[in-house]
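A.B. asks: Build out the structure end to end from the sequences listed, making use of the hints.
The opening position of the sequence shown corresponds to residue 1 in our numbering, with each subsequent residue numbered one higher.
Calculated directly from the structure, the hints in this document are not laboratory data. One thing to keep in mind: the hints can contain errors.
[What the hints assert, rightly or not] Derived DSSO-like pairs: lysine-lysine, alpha-carbon spacing no greater than 27 Å straight-line:
#1 Lys47 <-> Lys264
#2 Lys300 <-> Lys203
#3 Lys67 <-> Lys338
#4 Lys82 <-> Lys243
#5 Lys67 <-> Lys2
#6 Lys264 <-> Lys296
#7 Lys208 <-> Lys264
#8 Lys143 <-> Lys296
#9 Lys117 <-> Lys167
#10 Lys296 <-> Lys280
#11 Lys100 <-> Lys15
#12 Lys318 <-> Lys338
#13 Lys280 <-> Lys191
#14 Lys280 <-> Lys67
#15 Lys264 <-> Lys212
#16 Lys67 <-> Lys12
#17 Lys243 <-> Lys191
#18 Lys2 <-> Lys12
#19 Lys83 <-> Lys57
#20 Lys277 <-> Lys300
#21 Lys82 <-> Lys57
#22 Lys333 <-> Lys318
#23 Lys57 <-> Lys161
#24 Lys121 <-> Lys67
#25 Lys167 <-> Lys83
#26 Lys67 <-> Lys100
#27 Lys318 <-> Lys264
Please read these numbers as outputs of a predicted model, since none were measured by experiment.
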Amino acid sequence: MKVNVREVRSRKELKEFVHFPNELYRACPYYVPQIESMDRDTLDPEKNHAFEVCEAKYWLAYDERGKVVGRIAGIVNHAYNKKVGENICRFGWLDFVEDKDVLGALLSSVEDYAREKGLDKMNGPVGFLEFDAAGILVDGFDKLPTAYGKYNSPYYDPMIKEFGYEKDTDWVEYSVDLSEYKHDRNARASKLIQERFNLHQAKITTRKDITKYVDGIFDLMNRCYARIHGYSELTPGQLEDLKSQFMPNTNPNLLSVVLDSSDKAVGFMFWMPSLSKAMKKANGHLFPFGWFHILKALHKNDTADTLLVAVDPQYEGKGLNAIFFDKMYTGMKQVGIKYLESTRELEDNLHVINLSTHYNRTLIKRARCYIKNI
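C.D. replies: So, in structure tokens, the structure goes:
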């Protein structure tokens, strides 16, 4: 295919960039359309505090008729590059029709951009920050992604490898069946662990209560996540973006914050009722009816997604998962949750993966990040 790649420079082209995967996968039963207005905000330097430490360019690929057939973003996270001492260009927001020429033209555009910036490695798909959708799905094509995951067709992985990209790391996703969850047993374990390590559960029953612990939660997250792939410490502005993203939809009964004897946060876990089916019904738009589907899903749902979790290294392996589940049992019953699905967890992040080993779980999806020297 003859391909013409152009940099996104106008609001109209940015709308095309965001809309493209929703059009590409509109007939796919496993694709969950992203909310287009929210995606545009993420890509807008004036609305996303990630641009305090990042810079980016976006490209669209067109065929001979002028139809969009692919998209890609090139991102430089200066804070992360400084942290790891490397010259890395990230690529993300990668989607394309099944055509090698299209993918080649898109990757070449970002590689040229990287060389112009004096960078020598390509890494992706990843976003600006750890909280953006990342990875190419390589297993689990017959499952809906979580709202913070991403679907792609099976041809992505082999085609990317043809251009010299190799596996950097994988993310895994588990489904946990809570139908045989024994709350009484878990509650006893929670009580024993709290007594043994002098810990206690933060009293959170309303959204207002959450505000008392937000700073401690994000301080803990910055410390714990510093070890994982692609993470750079969040700036105050980025923390405000996360608060505004998660706080309005937080069910207090699906948030557990564990405190030590000095009321310092040493662990937390946050679930959200799955929005995948609701977002599929919304079809990329909050209005006129998208909000209704999402609000309904937040209050009645049989599945929850694990969105954020962190445990202070001092308390890893100490059984804090029992304390988390004990607190969130109320929310599970309230919303009707029977299944828990982890969002993408790095395959080597065993401290987080092991939090659910005592429950009935199944590995259901795997996504991949690639790297290439240029």
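A.B. asks: Now look at each hint and say whether the structure bears it out.
C.D. replies: These are the hints, each one checked on the structure:
1. For the suggested pair Lys47 and Lys264, the alpha carbons sit about 32 Å apart, so the restraint of at most 27 Å is broken.
2. With a CA separation close to 23 Å, the supplied pair Lys300 and Lys203 stays within the 27 Å bound.
3. Proposed proximity of Lys67 and Lys338 is contradicted: the alpha carbons are some 43 Å apart, above 27 Å.
4. Simply put, Lys82 and Lys243 have alpha-carbon atoms about 26 Å apart, close enough for the 27 Å limit, and the pair holds.
5. With a C-alpha separation of about 12 Å, the suggested pairing of Lys67 with Lys2 holds against the 27 Å cut-off.
6. For the given pair, Lys264 sits about 35 Å from Lys296 by alpha-carbon distance, which is inconsistent with the 27 Å threshold.
7. For a cut-off of 27 Å, the pair hint linking Lys208 to Lys264 stands: about 18 Å separates their Cα positions.
8. For the proposed pair Lys143 and Lys296, the alpha carbon gap of about 22 Å is at most 27 Å, so the pair holds.
9. Proximity of Lys117 to Lys167 is assessed by CA-CA distance (about 24 Å); at most 27 Å being required, the pair is judged to hold.
10. For the hint linking Lys296 to Lys280, the alpha-carbon distance of about 13 Å falls within 27 Å, and the restraint holds.
11. Between Lys100 and Lys15 the CA atoms are separated by roughly 24 Å; this keeps the pair inside 27 Å, and the hint holds.
12. Between Lys318 and Lys338 the CA atoms are separated by roughly 26 Å; this keeps the pair inside 27 Å, and the hint holds.
13. Using a Cα cut-off of 27 Å, the hinted pair Lys280 and Lys191 is violated, with the two alpha carbons roughly 40 Å apart.
14. For the hint linking Lys280 to Lys67, the alpha-carbon distance of about 24 Å falls within 27 Å, and the restraint holds.
15. Taking the CA atoms of Lys264 and Lys212, the gap is about 11 Å. The hint holds against a cut of 27 Å.
16. Between the alpha carbons of Lys67 and Lys12 the distance comes to roughly 14 Å, so the proposed pair stays at or under 27 Å and holds.
17. Only pairs whose Cα atoms come within 27 Å are accepted, and Lys243 paired with Lys191 is rejected, the gap being roughly 30 Å.
18. Annotation: proposed proximity of Lys2 to Lys12 holds, straight-line Cα distance about 23 Å (limit 27 Å).
19. Among the hinted pairs, Lys83 with Lys57 is consistent with the structure: their alpha-carbon atoms are about 22 Å apart, no more than 27 Å.
20. For the given pair, Lys277 sits about 12 Å from Lys300 by alpha-carbon distance, which is consistent with the 27 Å threshold.
21. This hinted pair checks out: Lys82 and Lys57 have alpha carbons roughly 20 Å apart, not beyond 27 Å.
22. The suggested pairing of Lys333 with Lys318 holds, with an alpha-carbon distance near 26 Å, which does not exceed 27 Å.
23. Taken as a hint, the Lys57 and Lys161 pair is honoured in the structure, with Cα atoms around 23 Å apart against an allowance of 27 Å.
24. A distance of roughly 31 Å separates the Cα atoms of Lys121 and Lys67; the hinted pair therefore is violated under the 27 Å criterion.
25. In summary, the hint linking Lys167 to Lys83 is supported, as the alpha carbons are separated by about 22 Å, within the 27 Å threshold.
26. For a cut-off of 27 Å, the pair hint linking Lys67 to Lys100 stands: about 16 Å separates their Cα positions.
27. For the suggested pair Lys318 and Lys264, the alpha carbons sit about 17 Å apart, so the restraint of at most 27 Å is met.
This entry does not satisfy hints 1, 3, 6, 13, 17 and 24, going by the numbered hints stated previously.
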